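Chemist: Residue strings, one per chain:
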Amino acid sequence: MSDIERLNSMLPNSLSVEESREKGILTLSVGPQHPGSGHFRLIIKVDGDIIVDAEPDPGYVHRGEEKMCEYRNFMQNIPHLERPVIADSCSILYPYCLAIEELLNIEAPRRAKFIRVIMSEINKMIFELYWLGIYGIFLGHSTMFMWPMADRELLIDLAELASGARVTHAYFVPGGVRNDLPDIFKDRAVRQLKYFRNRLNEYSKVFYENPLFIDRTKGVGILSREDAINLGVTGPVLRGSNVPYDIRKVEPYDVYDELNFDVKYMKDGDCFARAYVPYLEMYESVDLILQALEKMPDGPVRAKLPPNPKGKVGEVFKRVEAGRGELAYYVISDGTQKPYRVKLSVPSFRAIPAMRKLLIGARLADMPAIYWGLNYWPVEADR
Amino acid sequence: MSSIEGMFKALEAGSKHVLIKRFTLFYPEQKLKFVGDGYQFDPKEGVGIAGYRGRHILFHDKCTGCQLCSIMCEGIAEAISMVKIDKEYKQNKKGIMPQIDYGKCVFCGLCVDACPFYALFMTDDYELSAYTKEHLIYTPDQLSIKPNYKGEYVIDINEFGATHKKDIK
Ligand code: SF4
Ligand code: SF4
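Just so you know, the protein sequences line up as chains H and W, in that order.
Read in order, the letters of the first sequence correspond to residues 343 to 725 in my numbering.
Read in order, the letters of the second sequence correspond to residues 744 to 912 in my numbering.
Since the hints were derived computationally from the structure, they do not count as laboratory data.
Since the model is a prediction, treat every value here as computed from it, not as a measurement.
All C-beta atoms, glycine included, are put in the ideal place defined by N, C-alpha and C.
One or more hints might be untrue.
[Claimed, not checked] Here are a few chain H residues that face chain W, going by a calculated C-beta distance under 8 Å:
{"hint": "1", "residue": "Gln418"}
{"hint": "2", "residue": "Pro421"}
{"hint": "3", "residue": "Ile428"}
{"hint": "4", "residue": "Ala504"}
{"hint": "5", "residue": "Arg520"}
{"hint": "6", "residue": "Ile526"}
{"hint": "7", "residue": "Gln534"}
{"hint": "8", "residue": "Tyr537"}
{"hint": "9", "residue": "Val548"}
{"hint": "10", "residue": "Asn552"}
{"hint": "11", "residue": "Pro553"}
{"hint": "12", "residue": "Asn602"}
{"hint": "13", "residue": "Ala670"}
{"hint": "14", "residue": "Gly703"}
Please model the complete structure; the sequences and the hints are all you need to start from.
Modeler: Right under this line is the structure:
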């Protein structure tokens with residue numbers, strides 16, 4: 343059986359038009375004009391308020407990122423590659439830089455590796471807070487929208503201090519980072535992160551122990567361990583289904599093997615677990631940054647490169663753990679100044695089969711909880 | 744844990760914030776302070792200098808009209824075009840300098856990295872709104888003006904919470 347057939351056999355069959363008419367089933371189109379789904383359409387069929395069929399329809403914001411890469415040199419690719427996820431722009435650029443470094447045969451200086459770890463963890467938190475805020479507002483909890491957005495501002499200021507831009511940092515380059523951290527960075531980062539850790543404790547009281555939130559998410563949209571593995575989900579969704587799998591541990595890149603951290607996971611596989619894993623990971627991120635700031639050596643931050651470097655002929659595959667899961671790049675070079683082919687494998691796209699699986703049989707009111715729990719980011723999925 | 748207990752916990756955690764100073768920054772009256780004078784690049788070392796990436800600043804006495812910035816931006820946003828200038832500079836034989844269209848620029852700063860003559864940097868100025876698209880196009884003369892952005896507020900964190908305060912120095 344091919345992979346596609348196997349995937350199809352795991353999912354229920356679609357209903358035909360005649361069948362739905364007979365049974366009095368209503369077809370609804372959720373999206374694509376951003377009704378909380380992002381620029382993404384979900385065609386759902388409901389019987390009463392039970393969803394009997396769901397068909398995710400991605401592609402509305404396809405930008406041809408992969409094709410665009412073929413017409414630009416290795417440096418010029420940086421700004422447009424971070425557009426798919428501006429809230430997590432360092433993480434989406436990270437594997438690209440690792441891949442191009444291998445093609446150009448250079449290595450980033452040690453200090454740059456630490457800075458990259460720090461920035462990618464800050465970005466991961468920025469993304470998770472944004473996501474948490476939107477998750478909160480879609481479950482009707484507006485305090486949980488305001489709080490993460492305000493605390494996110496602190497982290498954005500921190501990222502801005504290092505990179506000079508608020509969201510699209512364009513900070514990582516093949517060969518290290520663009521500029522060194524300013525002197526006041528360490529001091530401010532330590533102060534802000536300690537404050538942020540206290541705030542995370544308050545989140546638990548207002549959100550995760552709140553009966554309003556628990557009732558909406560506990561036992562809703564359960565994804566079993568087997569399904570999670572077979573449907574190919576990654577990141578917090580996978581870890582929420584009792585699979586402790588994290589690229590930072592499995593295939594450590596840069597200096598992650600020198601830092602201490604645990605892979606956080608939950609056993610239940612429901613929406614609550616998927617929302618709780620990123621929360622636990624934010625604690626880990628704070629610890630990781632504090633550790634990296636302590637261990638960071640002095641030295642250069644960018645390897646010298648000629649202005650328009652040529653890659654060696656070859657293929658590279660690199661992956662990192664982003665805020666939403668595993669982000670991988672496959673780059674082929676034919677020895678010119680431009681990549682021959684760049685393939686992005688993004689975590690959001692891989693959440694689509696699971697979305698269909700979880701939505702079928704759920705109540706319509708649970709749709710936002712399930713949808714946002716999967717950490718789906720339409721622009722990234724469409725690339 | 745019962746529902747009632749959870750409700751009270753949430754209310755208690757939330758109500759504490761009535762007494763805490765707000766985090767909101769009153770933007771046009773208060774502006775954030777940035778580190779440095781904007782993003783700069785040192786071509787000799789091949790590494791940038793941290794700073795905010797706002798509008799560019801062009802030093803007329805250094806720009807040679809080599810077009811490297813414009814070639815870099817061609818693959819990014821096509822925001823830079825080279826235009827004729829009236830004045831004559833002896834290092835600039837061709838008499839051309841970059842003109843930047845801020846309707847297209849994405850503020851990546853890679854043109855600054857491409858300039859080998861310390862002629863193009865970025866500044867703290869991010870207030871670039873205009874009434875028409877044409878007003879967003881900055882000519883070499885406009886680009887040479889140093890902006891007077893005055894950011895004075897910094898984030899203040901103490902045991903009661905986070906807020907902004909004026910930086911006294
Ligand atoms: S900052 Fe980027 S987009 Fe703007 S002019 Fe320079 S290279 Fe072009
Ligand atoms: S700003 Fe720099 S890169 Fe651009 S034309 Fe002038 S000298 Fe050349």
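Chemist: Would the stated hint for Pro553(H) survive a check requiring a Cβ distance to chain W of less than 8 Å?
Modeler: holds, 4 Å
Chemist: Given Gln418(H) was flagged as interface, is its beta-carbon under 8 Å from a beta-carbon of chain W?
Modeler: holds, 3 Å
Chemist: Identify whether the interface hint at Gln534(H) stands, where standing means a beta carbon of chain W within less than 8 Å of its own.
Modeler: holds, 6 Å
Chemist: Have a go at the Asn602(H) hint: is there a Cβ in chain W nearer than 8 Å to its own Cβ?
Modeler: violated, 26 Å
Chemist: Next item in the hint list is Ile428(H). Is there a CB on chain W closer than 8 Å to its CB?
Modeler: violated, 11 Å
Chemist: Return the status of the interface hint for Asn552(H): holds when the least beta-carbon distance to chain W is below 8 Å, violated otherwise.
Modeler: With a minimum Cβ separation of about 5 Å from chain W (threshold 8 Å), the hint on Asn552(H) holds.
Chemist: Quick one, is the Gly703(H) hint okay against chain W at 8 Å, beta carbons?
Modeler: violated, 26 Å
Chemist: Holds or violated: is the Cβ of Pro421(H) closer than 8 Å to a Cβ in chain W?
Modeler: For Pro421(H), the interface hint holds, since the closest Cβ of chain W sits about 4 Å away, which is under 8 Å.
Chemist: At a threshold of 8 Å, is the proposed contact between Ala670(H) and chain W supported by beta-carbon distances?
Modeler: violated, 24 Å
Chemist: Min Cβ distance, Ala504(H) to chain W: is it shorter than 8 Å?
Modeler: holds, 7 Å
Chemist: Return the status of the interface hint for Val548(H): holds when the least beta-carbon distance to chain W is below 8 Å, violated otherwise.
Modeler: Holds, because the Cβ-Cβ distance from Val548(H) to chain W comes to roughly 5 Å (cut-off 8 Å).
Chemist: Answer holds if the nearest beta-carbon of chain W is closer than 8 Å to that of Ile526(H); otherwise answer violated.
Modeler: It holds, given that the least Cβ distance between Ile526(H) and chain W is near 7 Å, below 8 Å.
When each numbered hint is compared with the structure, violations occur for hints 3, 12, 13, 14.
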